[in-house]
Amino acid sequence: MSSVPSQASHADLDARLAQNAAAVETLLESLLSETPAAGEILRPPRLVAAMRHGALAGGKRLRPFLTVETARLLGVPSAQALRAGAAVELLHCYSLVHDDLPAMDDDDLRRGRPTVHKAYDEATAILAGDALLTLAFDVLADPETHESGEIRVALVRCLARASGLGGMVGGQMLDLAAEGRFEAQKHALTEAEIRRLQAMKTGALLAASVEIGARLGGADAAALTALDAYGRALGATFQIADDILDVEADAAQMGKATAKDEDKGKATLIGVLGLDGAKRERDRLSEAAVKALDGFGSAADALRAAARFAAQRKS
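Numbering (this note's numbering), first residue to last: 8 to 322.
The hints are simulated quantities; they were obtained by calculation from the structure and are not laboratory data. Among these hints, one or two may not hold up.
DSS-like, lysine-lysine: derived pairs with alpha carbons at most 25 Å apart [claimed, not checked]:
1. 286 to 125
2. 286 to 273
3. 67 to 125
4. 298 to 67
5. 125 to 193
6. 273 to 298
7. 67 to 286
8. 321 to 298
9. 286 to 298
10. 321 to 67
11. 298 to 193
Given the structure is predicted, the values throughout are model-derived calculations rather than measurements.
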């Protein structure tokens, strides 16, 4: 099976991504209003503005797309699926706001605009990230997302474990250590260590985006296993593609600085496999993600196209 999608599938995926991104944007606009929710006292305008700057910057919205499409595959009403997808996106946006801080990646641009700490200040950016993070769990815990408390608990636990100590945050810590932040002597990571780091830092949230949609739809054990294999392969594909883009793309194309990984000595599979080897591994993983969906028929075509998009994207 070719790793390059047909023009028809490109067009269909682009349309569905755009439709989903617009729906997510509308919901995020509502969730990030200055009007306090029940139980809140006040939403400080500067904090809300910084949160909106970090979360309403556009983009493909791939993570909520994965949540919504997986949920759709299992018959979940669109309003519930969108709320779960918005929660995933809120958490993703928090991670970007904090990753861009001077103490982390020290980036000035994100999606072609000043990063939150540049548009506002570092303290506001930290608080905006904190607030986006907690709002994500607020949305998942709300009965509007699902009437079953048991399902809502499963969604919260899934997102927490993917994004926390043993997932994204832990992966970021491993990444900082790999840069030599904490030791005078830098330790070169093995291929297995790099794959583990990337599975935590990037792959875990992408996989969770799929799992949340599956759990929202009450997927059985076999479906959860298949969708987990899909999500993990897609997550690994996405990270390798990102590393390749950091080498090959320019800043205007990406909407952020490029060529940072080599400058900072970041551990990537390109350093182990070479650029051509990394491209082959990216394509292999993309096809593994597609194959994991064999049991779902044509209803999963959008998810298959997303796996190919993750490999072939240009920004």
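Here is how each hint holds up against the structure:
For the proposed pair residue 286 and residue 125, the alpha carbon gap of about 34 Å is over 25 Å, so the pair is violated. For the hint linking residue 286 to residue 273, the alpha-carbon distance of about 18 Å falls within 25 Å, and the restraint holds. A distance of roughly 23 Å separates the Cα atoms of residue 67 and residue 125; the hinted pair therefore holds under the 25 Å criterion. With a CA separation close to 24 Å, the supplied pair residue 298 and residue 67 stays within the 25 Å bound.
The hinted pair formed by residue 125 and residue 193 fails the criterion: a straight-line CA distance of about 30 Å is larger than 25 Å. For the proposed pair residue 273 and residue 298, the alpha carbon gap of about 31 Å is over 25 Å, so the pair is violated. The suggested pairing of residue 67 with residue 286 holds, with an alpha-carbon distance near 22 Å, which does not exceed 25 Å. Between the alpha carbons of residue 321 and residue 298 the distance comes to roughly 23 Å, so the proposed pair stays at or under 25 Å and holds.
About 18 Å separates the Cα atoms of residue 286 and residue 298, which keeps this hinted pair within 25 Å; it holds. Only pairs whose Cα atoms come within 25 Å are accepted, and residue 321 paired with residue 67 is accepted, the gap being roughly 12 Å. A C-alpha spacing of about 38 Å is found between residue 298 and residue 193, which places the hinted pair above 25 Å, so the restraint is violated.
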